[in-house]
Amino acid sequence: MQNKDVKAILEKIDSGHYTPEEEAIAKYWLHQLNQQGDAGLTDEDLSEGRKEMWLAIQAAKQPRATRIRLWTRIASAASVLLFLSIGGYFLLHKQTTPQITRYVIHDVAPGGNKAMLTLANGKTIVLTDAKNGMLAEQGSIAINKTTDGEVVYRAGQGSSAKESAKLSVTYNTLSTPRGGQYNLTLSDGTKVWLNAASSITFPTAFAGNERKVEITGEAYFEVMHNAAKPFRVTTLGQTVEVLGTHFNINGYSDEGMIRTTLLEGSVRIRTRSQNAMLKPGQQAQTIMGGSNTPIAVINDADTDEAVAWHLGLFKFHSANIQTVMRQLCRWYNVEVKYEGKIPDREFSGEITRNVNASQVFEILSYFKVHFRIEQGATEKTIIVTP
Amino acid sequence: MSVYREYSDQELALLLSKGDNTAFNEIYLRYDSLLYIYAYRKLKDKEEAKDVVQDIFITLWENRAELVLKTALAGYLYKSVLNKIFNIFKHQHIIQEYINSGNHFIEVDSAETDYLIREKDIAALIEKEIATMPPRMREIYELKRTAFLSTKEIAEQLNISEYTVSTQLKRALKYLRKRLGIVVYILYILHP
Numbered sequence: 001m002q003n004k005d006v007k008a009i010l011e012k013i014d015s016g017h018y019t020p021e022e023e024a025i026a027k028y029w030l031h032q033l034n035q036q037g038d039a040g041l042t043d044e045d046l047s048e049g050r051k052e053m054w055l056a057i058q059a060a061k062q063p064r065a066t067r068i069r070l071w072t073r074i075a076s077a078a079s080v081l082l083f084l085s086i087g088g089y090f091l092l093h094k095q096t097t098p099q100i101t102r103y104v105i106h107d108v109a110p111g112g113n114k115a116m117l118t119l120a121n122g123k124t125i126v127l128t129d130a131k132n133g134m135l136a137e138q139g140s141i142a143i144n145k146t147t148d149g150e151v152v153y154r155a156g157q158g159s160s161a162k163e164s165a166k167l168s169v170t171y172n173t174l175s176t177p178r179g180g181q182y183n184l185t186l187s188d189g190t191k192v193w194l195n196a197a198s199s200i201t202f203p204t205a206f207a208g209n210e211r212k213v214e215i216t217g218e219a220y221f222e223v224m225h226n227a228a229k230p231f232r233v234t235t236l237g238q239t240v241e242v243l244g245t246h247f248n249i250n251g252y253s254d255e256g257m258i259r260t261t262l263l264e265g266s267v268r269i270r271t272r273s274q275n276a277m278l279k280p281g282q283q284a285q286t287i288m289g290g291s292n293t294p295i296a297v298i299n300d301a302d303t304d305e306a307v308a309w310h311l312g313l314f315k316f317h318s319a320n321i322q323t324v325m326r327q328l329c330r331w332y333n334v335e336v337k338y339e340g341k342i343p344d345r346e347f348s349g350e351i352t353r354n355v356n357a358s359q360v361f362e363i364l365s366y367f368k369v370h371f372r373i374e375q376g377a378t379e380k381t382i383i384v385t386p
Numbered sequence: 387m388s389v390y391r392e393y394s395d396q397e398l399a400l401l402l403s404k405g406d407n408t409a410f411n412e413i414y415l416r417y418d419s420l421l422y423i424y425a426y427r428k429l430k431d432k433e434e435a436k437d438v439v440q441d442i443f444i445t446l447w448e449n450r451a452e453l454v455l456k457t458a459l460a461g462y463l464y465k466s467v468l469n470k471i472f473n474i475f476k477h478q479h480i481i482q483e484y485i486n487s488g489n490h491f492i493e494v495d496s497a498e499t500d501y502l503i504r505e506k507d508i509a510a511l512i513e514k515e516i517a518t519m520p521p522r523m524r525e526i527y528e529l530k531r532t533a534f535l536s537t538k539e540i541a542e543q544l545n546i547s548e549y550t551v552s553t554q555l556k557r558a559l560k561y562l563r564k565r566l567g568i569v570v571y572i573l574y575i576l577h578p
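Those protein sequences? They're chains A and B, same order as listed.
Using our numbering, read the first sequence as starting at 1 and increasing by one per residue.
Using our numbering, read the second sequence as starting at 387 and increasing by one per residue.
No lab work stands behind these hints: they were computed from the structure.
It is possible that some hints are incorrect.
Listed below are the simulated PhoX-like cross-link pairs for lysine-lysine, each with C-alpha atoms no more than 20 angstroms apart in a straight line [claimed, not checked]:
# : chain 1 : residue 1 : chain 2 : residue 2
1 : B       : Lys-432   : A       : Lys-51
2 : A       : Lys-61    : B       : Lys-476
3 : B       : Lys-404   : A       : Lys-7
So the derived list for chain B, only partly shown, Cβ under 7 angstroms to chain A, looks like this [claimed, not checked]:
# : residue
4 : Ser-419
5 : Tyr-426
6 : Gln-440
7 : Phe-491
Glycine is no exception: its CB is placed at the ideal position from the N, C-alpha and C atoms.
Hey, can you work out the whole structure from these sequences and the hints?
Printed below as a string of structure tokens:
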């Protein structure tokens, strides 16, 4: 190896008058320039760069007329595209002849913060429309809508524990429609996230020596610790008993089983004749209606998958199409119909929940499962085809 | 696992020229970080480097139908980046700054060099990234990458179990992904 001074040639390049040979030498110089040592980019820089460039490239690949509109959409659906780019890449590998399916006839907007609150006297409040601030008072408890998507129960001024214990227990119910979700803070400070098509019935104040609520559908709990008053959640004949911990219960009746996933602390699951303790990372599965069936405890449960919904994600791990569709139908408030022989595939990956249904289906179509959205008189139906 | 990931660059380039989007995605994932590093080494400006690299990929996509590679795909991509940066240097008079700082030498094998950036130079750059991997991991990765051997063939060649190969491969990919900044979304399809 020897060093060669190319100063004169570089000067000529800079002046703008040079021969092709000189250009080749200058490029040779440029190629070698700063190649030694650390490049100075961190892993974060590279992964940030990957995302950014990918988005710009995707935008540029769109036909020009739609480019601007797409840009705004792309920004909001960044993680979806990321999924497409990185995830899609893994999926796409299975396809021998990639096919593009255009199925967007009617699109469906994602669900949002929608819920209805039923008070003890039967009065109902549509929370979606309600203004922020005090909604109602139940005994000494004030019910406030604090921000969009959250209701907080709080013991009112001047009420003591003793007083609240004397109160007759009144129950309220918070329920979400298909395509809805809502957050609730109970009077003991316990936080509850309610998924679509779900409900929770709870006392406005927790009197007595236990805290008891009942749910349908799916809810994620962060229970305020109180060793003196165990917290009990009942779902279709199953009771989860906790002192203070984080866990998720998925008990949609069409799922066939209740899955209770524990993230922190410990809980006890009871059915009529069975019971089991859960440790963090475990999931209990109880068959609906099978009160004598032993409770199955899964050791290495995918806890992220179980609670992804309350973080605004769909997350699947080796899920079949029916499982995927049940979740999508609840969130997009659509029906599903299967046509022809649907490939028996398993889906893994994650998608944000704040995008239109068509974007989710576009991603899923890479699995060689195709979709079209049909508009009925009142409802929309997703037709799944091979 | 994935068909496209097993394809050679040449096969990907051919598929791309026929309009295969997946091939494009695979090429992007193979080269985006390497090219970004390369561009950044020259430009020392992240935004500018990203602009250059994304333009190269956009051009690659737009001209996919006319894509006839005289050289290897990696060489084509690196040279495209180099040409773009060369123009930036020229127009912004960056070359003068390097001349002033005394940075005006090149390393050559002999006096009669033809100053062509060869495929092997590009390959050497890429190998440098891979070279920092732990040895066993690297060995398997390289066998797989250059020879396109199956897991079974690698096992036979290195006289280790197939299971070891596949776990080492997974580890190598994970390591590479981390090093090259591949984001953590990993999807796969399990066949019935």
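Hint-by-hint comparison with the structure:
{"no.": "1", "hint": "Lys-432/B to Lys-51/A", "result": "13 angstroms, holds"}
{"no.": "2", "hint": "Lys-61/A to Lys-476/B", "result": "29 angstroms, violated"}
{"no.": "3", "hint": "Lys-404/B to Lys-7/A", "result": "44 angstroms, violated"}
{"no.": "4", "hint": "Ser-419", "result": "5 angstroms, holds"}
{"no.": "5", "hint": "Tyr-426", "result": "6 angstroms, holds"}
{"no.": "6", "hint": "Gln-440", "result": "4 angstroms, holds"}
{"no.": "7", "hint": "Phe-491", "result": "5 angstroms, holds"}
In terms of the numbered hints stated before, the structure departs from hints 2, 3, listed from lowest to highest.
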